[in-house]
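Trainee: Here are the chains, one letter per residue:
Protein chains: 2
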Amino acid sequence: MRFLAFAILIASSVLFAADDNIVGFNKSSSDNQRALETQMDASINAEEMTEWLRRMSAEPHHVGSLASKEVAEFIAELFESWGYETEIVSYEILLPVPKTREIELVAPTNFVASLREETLAEDPSTAVRETLLQPYNAFSIDGEVEAELVFVNYGMPEDYEILERYGIDVTGKIAIAKYGRSWRGIKPKLAGEKGAIGTIIYSDPADDGYAAGDVYPKGPFKNDSGVQRGSVMDMPTYPGDVLTPGRGATERTRRLKKEDASTITKIPVLPISYRDALPLLSAMGGEVVPQEWRGALPITYHLGPGPAKVRLKAEFDWNMVTAYNVIARLTGSDYPDEWVIRGNHHDGWNHGASDPLSGQVAMLAEAKAVAELAKAGHPPLRTIIYGAWDAEEPGLIGSTEWAEDHADELKAHAVAYLNTDGSARGFLGIGGSHVLERYLNQIAEDVKDPRADISLKERSRAYQVVNGDAKEREEAKDRRDLRISPLGSGSDYTPFLQHLGIASVNLGFGGEASDGSYHTLYDTYEHFTKFKDPGLIYGATLAKVTGRATLRLANAPRLPFEFKGLADNVALYVKEIEELADGMREKTGMENRLIQDGTYAIAMNPYKTFGPPIAKAPVPHFNFAPLKNALGRLQESADAFDEAAANNDETSAAVNKLLYTSERLLTRDAGLDGRPWYKHHIYAPGFYTGYGVKTIPGVREAIEQREYDKVGTQIDIAADVLNDMADRINSLAEML
Amino acid sequence: MRFLAFAILIASSVLFAADDNIVGFNKSSSDNQRALETQMDASINAEEMTEWLRRMSAEPHHVGSLASKEVAEFIAELFESWGYETEIVSYEILLPVPKTREIELVAPTNFVASLREETLAEDPSTAVRETLLQPYNAFSIDGEVEAELVFVNYGMPEDYEILERYGIDVTGKIAIAKYGRSWRGIKPKLAGEKGAIGTIIYSDPADDGYAAGDVYPKGPFKNDSGVQRGSVMDMPTYPGDVLTPGRGATERTRRLKKEDASTITKIPVLPISYRDALPLLSAMGGEVVPQEWRGALPITYHLGPGPAKVRLKAEFDWNMVTAYNVIARLTGSDYPDEWVIRGNHHDGWNHGASDPLSGQVAMLAEAKAVAELAKAGHPPLRTIIYGAWDAEEPGLIGSTEWAEDHADELKAHAVAYLNTDGSARGFLGIGGSHVLERYLNQIAEDVKDPRADISLKERSRAYQVVNGDAKEREEAKDRRDLRISPLGSGSDYTPFLQHLGIASVNLGFGGEASDGSYHTLYDTYEHFTKFKDPGLIYGATLAKVTGRATLRLANAPRLPFEFKGLADNVALYVKEIEELADGMREKTGMENRLIQDGTYAIAMNPYKTFGPPIAKAPVPHFNFAPLKNALGRLQESADAFDEAAANNDETSAAVNKLLYTSERLLTRDAGLDGRPWYKHHIYAPGFYTGYGVKTIPGVREAIEQREYDKVGTQIDIAADVLNDMADRINSLAEML
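Sequence lines, in order, name chains A and B. Quick note: my numbering has the first sequence finishing at residue 730, numbered continuously throughout. Quick note: my numbering has the second sequence finishing at residue 730, numbered continuously throughout.
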């Protein structure tokens, strides 16, 4: 997450004092709202949160487990006890769990991978064995393969370009890839596309182990038996239940046959620890890997293929299991049909203390405080719906099924979706729809860092001033708000934002607690409270942040949407895309010339197999005019709205409806090219990065993937989307 | 070494065809010279070179050993047999050799370092034990110390700034530093300045071991017992015999007392292998090192201090030994008083196959071919003096003593000094005085790469086009010559160039053979011929290059000096220094503001000890005008000379004398501030980098070291030097 920040704090504090009216509120309603928030803060109790955390993380509680159902029931009981209309809404989903997991080095020596995480005397939680969900990658296909290994670095598209230059083809081989850089599901997807017949993913200690810091239990990092579990479902195509894309996985809905579920991998894949990876990598030969590819194991890394030959067997029980979402509602006193939705999942791969319970307990603390305000005579004006989602880990399934199941209602009523997930300590990370940039900045101005006597915003700003590059520092001089990050994927906001077009936000603390527990046996209460947020002091602060986020949306006379932040960020994306095309054109042209005139061949080391790159089609110039014209209109309309809004605090249900449905205009029913589930044309997870966001994805990915004939159409669609938004904003400006 | 290169080879080949007249020659003498060179090439025999290499590397032959004397005698016999007037010129020098070497971890556990390199069955040379010079750092003081360890990364000034931010002081501690980044002597020098009482230097496998590639004997890289020996004499103060700075170490010369020799370290230091380093580093505690500091051992690196506590004992026999330089002379037929000096050392730390014998055999092959030409009726017009230096390894001693001993004659007669040292395969590296840039480029145009059917220059150019950054590529479009590197230190050119002001050159191949044998037991014939230059095909090519370099200087009617290359490179250095000052001023100002207004403090992680930097004095603006005015005059004079030279191939002894003594004008008798031995004001080794060059060192180092009150004086000196050179060039232009 990258913030922008001001060069001189003192100046910035003077320029943009935190005592402005809250966006959407006038002076008097702002004062009332801030008083309410102070009252709310008093109800947030870190000790209580710690106790909830301890209780819910006591047992492994992955979707389908008895413990997970009990966690859902515990959450439901809490909500109910606080006065929420609470129900457990369940869906029937396909979930593979491991039956056979075998990785064996069969040549040139023999070694059988343990695939086992060790119990630690220092952490009683890790003594659990019976209900432990063993390390695996959910939605790997079943299979048994035997082949030579090829080391594919992080398994990204650019890695295969390098392998090609070494003359190495993964066809018929098993790809061994490091965790990191991309979402893990990309690794088997791309390996399969390139012809590999199996994939092994391991955590290299360079990225996640002793090279990063002391390992658990001495420090927080991954020890040599730790394995990152995780889904490898092709989520950039669609998330959620693999059998019911676009539909809620209710008991009687129409389902695909498993063979037709395109998001299950095409080749088997298993994750391993670096302890298990060491003998495999040590047995490899071939050229030494490029310097940037090497990890931190005490060996020389080689590309292969072979002579290391591996047998990989992965078989799963493909169960239909029930996912239990807890849905708790507090009906709004004034605008019951306008819904603020707030969610955090509750399922973990095992104990899930950090992921997701650290966020879950912040949501619970917030919900309790909101309920107490209601009981004290300050009910929210709008309806608040809390969702504690199940089955996020295997593929955002609980939230996706609920969002799909209630799509029409949500499109009509949802004001915004506010998400949290695992959270630690450090700086407030803010991602979200840019129509909410101002509103989110005000919240960060109003909440203090629990360690420093300064607002969260000023602390993030200080971080950026100290650590940002010259450009970031320069921009910060002129920009009032910290730039919030566009959302890709990786948590439950995806169905709301990218499928339904509901303005969404993701909040959490990070940057000062390192993480080796992610998706391992070691994501325990002990680990979390020792290393990630002792005393849950940042957790309690998160509840104050999200409590404000929820209540300001719920209580604002006029919804706190504004459009200058959107226009400014879209302008940045358009510029980035133009620079992307220019950079690719220049680089491709230069490389092609050097390939053609033999310069590359002359420069290569004749003692190595690494050769010149393959020539690529020249990158044409594109007509960006439609996009830039639309951007111009968006900027003008945003200015008009801003001026109108500043001079006028009148509002109406009609204005609010047009405000909160504005994000819908950034979607198209047909979705993105090749992945119709994703409707949003400004924010999407990358097709070949996974979690990483691609802004204006239709245009950006057509260029990145060198599908030049598609660019013009995608520019037109993006321009249409922005023009529709500009029309809407102009209408709103006229109504004020 | 960084070359500049042209974007399109075809174009460049057309623009700058290699059939120009050789600089200093007219059409007819160029043709004759090129014919001679072709004849010379036929005499160069890689098999004979290989046999010399095998013979000279058969035994460890460090200075003072019997084998070293035998190598000197062998070389002398060869020269004599070819008809050179040959003598062995000896000097009596102080040389410490190890008596006691002990490193022991005494807390929290016990471990005794082996300090021993293993014999390998695959390499018979490594079976030698009796005459092996054990791993040590020459010119460490004697001492026994016991203290906690502090990890100081590479032990550079910026590393201590980081340690200071962690609140770590090395006073009274033992610093453990990685080899690399700086010349090794900087590490104990700086550690001592900071208060450490001992230094351990080790080769981290990240830089020089399994992480770089397969280790010996499987591959060329350093195995876990290999230790880099090397001098830690404070060579940036003065090289050569520590007792006789500025004077030849003849038998009866005046000597310093050992206690007054400022170039011996102030604290004891020993080098170790990464196998011996592992238990020491594993036992350390304290904060985890910054990510950029970590190495490739399979541990978490910590800064300390302690709890690892080490006892280090280093005692040496401080012997007076004889260094044997072989001096072979072929008197010039026409200009016997103009001397071309060509050298390469012959002493190795042990077998020294790569360092220095790979270069030595190229010099011998060249010398034999030159002698054969002479016998065939083509003696050199000028006198050629070959120097096979002893005692380079402990501190450039043989060459320095000879240069000091013959300082007056050399200043009067030496046309230039041409150096080689260890050489491998790949690209021709060219360093040298920029008055010789054009001449060196022409040689690289005239010799073909032995693997590719293209000139050495075009191959280097191709490399730079493919690997250079945009700026380098851009510049290459307009520049005829590959930019040659300025010389710092690290081989025998230093006394000639930087003490006497003799234009100097250093040549060698590299970039396609990796090196883990450097200064270890494993620098053997077997290692060299397997990994570094099988068949000595690049070695033979080096002889062709240096043969041309020697003969063109010897035979050119007008010496091949020109000044546009000098002016252009000096312009670059002036620009760099201005940018250095601007960058430091901006960064210091920004940091000071952020320290003062508390931004740094806010941005720091409260869970870590790493704090804000310490405020520094603001960087003032400097008056660079005198330097830039002088540069302008230099550029104009260079243009005038260029024009005059192009229209006129007349020459005279007077012109030649003014040409070859021009480099002397870049020196000042008083030398550099604080190190009077170094007289050259354009090129010097860095006071805190060692080998790394500092151009216009007086000005640059005053700024880098934040001694702002010295900058003005240094600018005036540098301007004087350039003005003197411009005057000389103008005189020369008028004479033509």
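Take the hints with a grain of salt, since some may be wrong.
If chains are identical, the list can't say which one is meant, so a pair holds when it fits in one copy or spans any two.
[Stated by the list, open to error] In silico DSS-like links for lysine-lysine, alpha-carbon gap of 25 Å or less:
1. Lys307 x Lys63
2. Lys212 x Lys602
3. Lys252 x Lys651
4. Lys524 x Lys602
Quick caveat, the hints were computed from the structure, so don't treat them as lab data.
Trainee: Have a look at Lys307 and Lys63 and pick one of within, between, both or neither, based on CA distance no larger than 25 Å.
Mentor: Close neither inside one copy (31 Å) nor across copies (66 Å); limit 25 Å.
Trainee: Is it within, between, both or neither when you check Lys524 against Lys602 at 25 Å Cα-Cα?
Mentor: So Lys524 and Lys602 pass the 25 Å test across copies only (15 Å; inside, 49 Å).
Trainee: Reference check for the pair Lys252 and Lys651, CA-CA at most 25 Å: within, between, both, or neither?
Mentor: neither (40 Å within a copy, 90 Å between copies)
Trainee: Please work out whether the CA atoms of Lys212 and Lys602 approach to 25 Å or closer within one copy, between two copies, in both situations, or in neither?
Mentor: Result: close only across copies, 16 Å inter versus 43 Å intra.
In this structure, the earlier hints numbered 1 and 3 are contradicted, and the remaining ones agree with it.
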